[in-house]
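Novice: Protein chains in written order, with the working numbering: chain A, 989 to 1283; chain B, 20 to 326.
For the record, the hints were derived by calculation from the structure and aren't laboratory data.
Certain hints may be false.
What the hints assert, rightly or not - Rough simulated footprint, nothing fancy, chain A against chain B, three-plus residues with beta-carbon under 8 Å:
(1) 35–46
(2) 118–127
(3) 141–149
(4) 173–179
(5) 227–236
Said to hold, decoys possible - Residues on chain A that point at chain B, a partial pick, calculated with CB under 10 Å:
(6) 998
(7) 1002
(8) 1013
(9) 1042
(10) 1084
(11) 1119
(12) 1246
Claimed, not checked - With beta-carbon atoms standing in for the labels, derived distance ranges:
(13) B:307 <-> A:996: 44 to 52 Å
(14) B:133 <-> A:1044: 39 to 47 Å
(15) A:1020 <-> B:193: 31 to 39 Å
(16) A:1164 <-> B:252: 55 to 63 Å
(17) A:1171 <-> B:102: 25 to 33 Å
(18) B:110 <-> A:998: 33 to 41 Å
C-beta: ideal position from N, C-alpha, C; glycine also.
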Amino acid sequence: MRKTVGRVRERGIELGLFLAALTSVAVTVGIVGVLLYESLGFFRQVSLGAFLTDTQWTPLFSDAHYGILPLVSGTLVTTVVALLVAVPLGTITAVYLSEYAPLPVRETVKPILELLSAVPTVVFGYFALLFVTPLLQRLWPDLPGFNMLSAGLVIGIMIMPYVSSVSEDAMRAVPMLMREGSYAMGASRLQTAVRVVVPSALSGIAAAYVLAVSRAIGETMVVAIAAGMQPTLTANPLEPAATLTAYIVQVSLGDLPHGSLGYQSIFAAGLVLLIMTLTFNIAGHMLRKRFQHAF
Amino acid sequence: MPSRFPSDRPYGRALRKRLDILVAGAGLLAMLASIATLLILLAGLAMDGGPHLSWKFFTSYPSRFPDAAGILPAWVGTMLVMVVTAVTAVPLGIAAAVYLEEYAPRHWVTDLIEINMANLAGVPSIIYGLMALGLLVYQLHLGQSILTAGLTLALLILPIVVMATREALRTVPQSIREAAGALGATKWQTVWDHVLPAATGGILTGLILALSRAIGESAPLMTIGALSFIAFLPHEPWQTDFPFVSFEWLLDPFTVMPIQMFNWVSRPQEAFHRIAAAAGLLLMVMTLAMNGLAIYIRARYRKHIQW
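Please model the entire structure based on the sequences and the hints provided.
Specialist: Structure below.
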C-alpha cells in the first residue's frame, strides 16, 4: 500500500517537472501565435506587396504608408556599424586571450568583459546619446543629435564580449597537439594562430559572428534613445532613422487603442524582427554544432 | 609556390618576433579599449549623476522640476516586479532543468524542448513584450500591471535559468546519484536530498545573473505599457485586518528604474539628463553588485567542494 503511494507520488513529481520543461514550448507557441494572429489582422488591410515594396513607413499619419523597408534599412545600418566594431575588436581579443595571454590575465579579463554585456541597455543608450554623439560631433560638426552611427558604435561595444567569448571558446577547443606541431615546424605564434588555430576554429568563430548579428538586430533601447525615431530609407549612418525595435517602442509609448491598425502594425514589425533573428540564430546553431563535432 | 600569407615568407627570426609582439600588442589594446569603455561609462555616470544621489532622491516622486524629481515609485516598482519574476522563474526554471537533466528520456520531445530553449534564448526581449501585450494584457486580462511585468520578465529569463541549472547539475558526479540509489532512495529523493544541494552553488550563480539581467530590462516592459510618469505607489502588500497580506498590488500600474531613466534621458533639458545619470548609476551599482556576488559564489563553491 505504502509502496503504491510512493510510486504515485514519484510519477506525479515527474509529470510536474515535465510540465515545467514544457512551458518553454508554450512560450514559443505564445510568441508565434500572438505575432501571427495580430499580423493577420494587419495584412487583411495592408497588402503584402505594399508592405514589402513601399518606401515609406508612416502608419500613424493621416496619409498612411506601410512599407517596412525604411525600418529594415535602419535596423541593417545600425547592425553593420555594430559589426564593424564588434568583429575586429572581438576577434583580436579572442586571439590574444587564447594564444598569447598568460592564464591569470585570461581568468581576470573574461569576467570583466562579461560585465560589459551585463550593463543595462538603457545605460548604453544614455552613453550613446550623451557621450558618444557629442564626441562624434567634434569630428563632424553637422552630425545630427540623433544618428545611427553612435547607436551602432555603442551596440558594437555591447556585443563585442559575445564575439570574443564564443570565438575564444572555439579557439581553445583546438587541440594543443596541433599548436605544438606547428611550433615544432618552427612557426611563430602569429603563424600558428593564423594558419592553424583560426582555420580549425572557423565554424565556431563564424557562429560567434552570426549570434552577434542576431543580438544587434534585436537591440532596442540604444537605438530608441540615440538613433531617433523617424523611419527613413537611407544607408547613411550619419542620419537619424528608426529601426524595427525603435518603432515598437515608439508606438508603445503612445496610447493606441487595442485592435487598431497602428496597434497591429507593431506586431507586423515584430514578426519581421523575429524572422530575421531566427534565421541568424538557426544559422549560428548549425555552425556551432559543426565546430563541436570537428575534433 | 609563393605563399599567400606574408607571415609564411622566409623572414628572419627577428621580424617574425616583431610581428608577434605587434599582434599581441593589438590584442591587448583591443581588450583594454573595451575595458576602458566600461570605466569611462562608470566614471561619466558617477560624475554626472553622483551629486544628485541623496536621501530625497530615493524618497520623492518624479516631478516636472528636475531638482524635485525622485525615483521612489521606480525602485519600489522594480522590487515588486522582481519578486514576481523570481517567484515564477526560479521554481519553474529549476524544475525544467531537473527534468531535462535527470529524468528526460532521449527522444524527440526532449530534443524539441532543447532546440526550442536554445532558440528562445536568442529571441529579442522586445518580442517577449509583444507576446505579453497580446496574450497577458488583452487575452488573459491581467492588465498593464506588476503581475504582467513580472511574468514577462520571468519568461524572458527562463532559458538562462534552465541552462545555468543544467550546467550546475551536470557537474554533480554520477557516484552521488548511484550511492543514493544503492541505499534505496527513489529518483526524487536522490534529486532533492543529494543532487540539488550539491549543485546549489552553480544554480545560485545562474539565478543571480539571470535576475540582474531582468533588473536592467526595459524594452519588454515598455511594450506592455508600463507608465513612465507615475506619482503614486502600489497598494501595500500588508494590511491591518485578517489575513494581513494583500495581493492587490499585483494588479497595480507601475514603473521600473530603467524606464524612469529612459523617460529622463528622452527629455531635452540637461537637468533631466543629470538625474538620468543618477538613475543609471544606481542601475550600474546594482548590476555590478549582483555580478560580483555571482562571481564570489562561484569561486567559493569551487573552493569548498572537492569531489
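Novice: Against this structure, judge whether each hint is valid.
Specialist: We went through each hint and held it up to the structure:
1. As drawn, the segment 35–46 of chain B meets chain A at 8 residues by the rule of a beta-carbon pair under 8 Å; at three or more, the given contact holds.
2. Coverage of the segment 118–127 of chain B by chain A holds. Counting CB-CB distances below 8 Å, 4 residues qualify, and the rule asks for three or more.
3. Restraint check on the segment 141–149 of chain B versus chain A: 9 residues with Cβ-Cβ distances below 8 Å, three needed, restraint holds.
4. Residue count for the segment 173–179 of chain B with a Cβ under 8 Å from a Cβ of chain A: 3. That meets the three needed, and the coverage hint holds.
5. Under the rule that three or more residues need a Cβ within less than 8 Å of chain A, the assignment of the segment 227–236 of chain B holds, with 6 such residues.
6. Satisfaction of the interface hint for residue 998 (chain A) is found here, the shortest Cβ-Cβ separation to chain B being roughly 5 Å, below the 10 Å cut-off.
7. With its C-beta approaching chain B no nearer than about 6 Å, residue 1002 (chain A) sits inside the 10 Å limit, and its interface hint holds.
8. A least Cβ separation of about 5 Å between residue 1013 (chain A) and chain B falls short of the 10 Å threshold, and the interface hint therefore holds.
9. For residue 1042 (chain A), the suggested interface contact is broken, since its CB lies about 22 Å from the closest CB of chain B, more than 10 Å.
10. For the restraint placing residue 1084 (chain A) at the interface with chain B, the shortest Cβ-Cβ distance is roughly 2 Å, inside the 10 Å limit, so the hint holds.
11. For residue 1119 (chain A), the interface hint holds, the least distance from its beta-carbon to any beta-carbon of chain B being 6 Å, beneath 10 Å.
12. With a cut of 10 Å, the hint placing residue 1246 (chain A) at the interface with chain B holds, because the nearest CB-to-CB distance is about 6 Å.
13. The hinted range of 44 to 52 Å is satisfied by residue 307 (chain B) and residue 996 (chain A), whose Cβ atoms lie roughly 48 Å apart.
14. Our hint of 39 to 47 Å for residue 133 (chain B) and residue 1044 (chain A) holds, since their Cβ atoms are close to 43 Å apart.
15. Under the hint 31 to 39 Å, the C-beta atoms of residue 1020 (chain A) and residue 193 (chain B), about 38 Å apart, fit the expected range.
16. The beta-carbon spacing between residue 1164 (chain A) and residue 252 (chain B), approximately 59 Å, falls within the hinted interval of 55 to 63 Å.
17. Hint check: residue 1171 (chain A) to residue 102 (chain B), Cβ distance near 56 Å, so the stated range 25 to 33 Å is violated.
18. Remark: the range hint 33 to 41 Å for residue 110 (chain B) to residue 998 (chain A) is contradicted by a beta-carbon distance near 19 Å.
Taken one by one, the earlier hints fail for this structure at numbers 9, 17 and 18, listed in ascending order.
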